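Asker: Which chain is which? The protein sequence lines are P and C, in order.
Quick note: the first sequence uses the working numbering, first residue 1, plus one each step.
Quick note: the second sequence uses the working numbering, first residue 233, plus one each step.
Hints should not be assumed to be uniformly reliable.
A few chain C residues that face chain P, going by a derived Cβ cut-off under 10 Å, partial list only [unchecked claim]: (1) Leu250; (2) Ile480; (3) Glu543.
Because the hints were derived from the structure by calculation, they are not lab data.
Quantities reported herein were computed from a predicted structural model and do not represent experimental measurements.
Just so you know, even glycine gets a beta-carbon here, dropped at the ideal spot from N, CA and C.
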Amino acid sequence: MTEEPVIKLENVTKIYVLPTDQVTALNNVSLEIYKGEFVAIMGQSGSGKSTLLNQIGCLDVPTSGKLYIDGNDVSLLNDDQLTDLRRDKIGYIFQQFNLIPLLNLRENVEYPLILKTKKRDTTGYPEKLLEMVGLGTSRIMHKPKEISGGQQQRVAIARALVNDPTIILCDEPTGNLDSKTSIQVMEMLKDLNNQGRTIVMVTHDEETAAYAKRQILFSDGEIIEERFNDNS
Amino acid sequence: MIILDDIFFELSVRNVRLHFLRSLLAAIGIVIGVVAITSIGILGANMTQSVTADLSANGNVIMLSPQGGGFFSDDDDYISQKQLAKIEKTVGTENLVIAIYSDSDKITVGSEEGRASIYALDMDVLKNLVEVETGDYPTSLTSVVVGPSLAERYKLKVGSRIKIGDKDKEDPKQTTVRVSGILKERGMSMDLSSDNAIITMEKWFTNRYGDEGKYDQVNIVVADINAIDDLVDKLDHALNYRKDEVRIMDSGSLIESISATIGIIIAFMSAIGAISLLVAAVSIFNVMLMSVTERIKEIGILRSIGTRRSEIRRMFLYESAILGIIGSTLGAVFSLIGSFLLTYLMLNTTEYFFTMQSLIQIPYGILIGIVICVISGVYPAWKASNMDPIEALRAD
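With the sequences and hints as input, model every part of the structure.
Answerer: As structure tokens, this is what we get:
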């Protein structure tokens, strides 16, 4: 491919220094993810898959090696620049939904937009996104704790989309959901991917991973297997 | 309103509302602190103003008293006829020189007994100083004028009789005088404190107490207030050239020293009040730390989806500022009421309450309260903003 990858890791190593020990969470990982891919990162707990997600999500920076997000070398960015990169390029979907409890559903979706534009939304875009994920106008003034887990995850998806990110990062997106709502959420992610969104998802669940076109298996901080799934 | 529209301000307001009771309790500390310093400040401003106003009316008086004697003069100290002549020569005729004999003695009016100050001075000088409200100035040796406060206390009228002295004593023995007039009220005055005194003719006084020509106090009412300093210097030169014989004080410097004393007392009281503000600061600090600890997860979420450190900091500083504004505003209301009552009880007047110097203490108090709250929130806010977002997200 001649196209630049949206995520590019070059020999990325992440070492956590503990008081008595050093843990190598990522060991010399190189990886390229292109626009429009749907990647599942799989592995046992402690395999380094969450660490990889934190690196890609710019919540942490590699100890050594290079990481480029949409062409930006994250090692050159300061904390504010990394924060802005998260805000503008990345949409997060967490296992525990992680909506802001003090804000209602509409405000939760609007929040990243406010961070970016520094003003309240007047275009009705958050409402449109909520409608798209299947939450009509009736519930948008509710607080997150007043709705079910599946509904919260839909709000989280709407929030992840509001700043039109380059990458959507999902950390065990169905881990806290029953099988029926899990399917609904995954179908939604699949639709987003079909619309051209790049999705990187960490999961240890095979059924969830099956939605991805590309599966990367991690163990002990290294990529041990890569599969392409053309059926999904 | 940029702040009110700020999403971080909104989050702070909601968090305060969510923990309303806790926030209110923390704010009570600030309420008490603000009430303490503001009330003391207002009381101080009222005291200073009322004392200054009383004294300023007499800002043109120079007081001379025998060195070592002063207000509590003992009999050996006096201002002599010779010194008085020097004084009169120095100040000239345009300034009023009041040479006063003073003593205090037992008095009996009807069946009531007590003590009173007895002054004697030249009747022409007296006429220059104070008018009679009713009756007339003394014309005979045994007639006196009395101050209005004394007259009220002993229910004296023109024609009333006062027995002066102890009836069991031989020298000087008890004598009776007649009230010929009651003086006008003068309030606090430097030249002659006549409100509570019996004023007799000089002759009567020296006949009874002796010491003719030995004055206890000489006061000078200066015609031109700007000439005071100059006159004080001249008097000092004339009287104390060889040896300090006469203590010279002008009412202006007395006012300054009284004001300075009040200032010190108020500063000391404010320092005690400030301790309550310190306690309040600790409680705000504690509540803010609690707020940060409870919201670690939320901070993690906010950070991970693109909230800057400075924005997290702002959110917590807003929160402590809100506590400060609530506490200080309540404090201002209470101190307005409290200090009004306090001023009335302590000074018996609220004449100076609604003045600039007095009421300016309220915005000062509010400002100090808010600033203290915000300062108390700095460390918790800093702590919140510097959390590792990954660690914070992992918290429950």
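Asker: All hints are to be evaluated individually against the structure, with a verdict given for each.
Answerer: Status of each hint after checking the structure:
no.: 1; hint: Leu250; in the structure: holds, 7 Å
no.: 2; hint: Ile480; in the structure: violated, 71 Å
no.: 3; hint: Glu543; in the structure: holds, 8 Å
The earlier numbered hint that this structure contradicts is number 2, and it is the only one.
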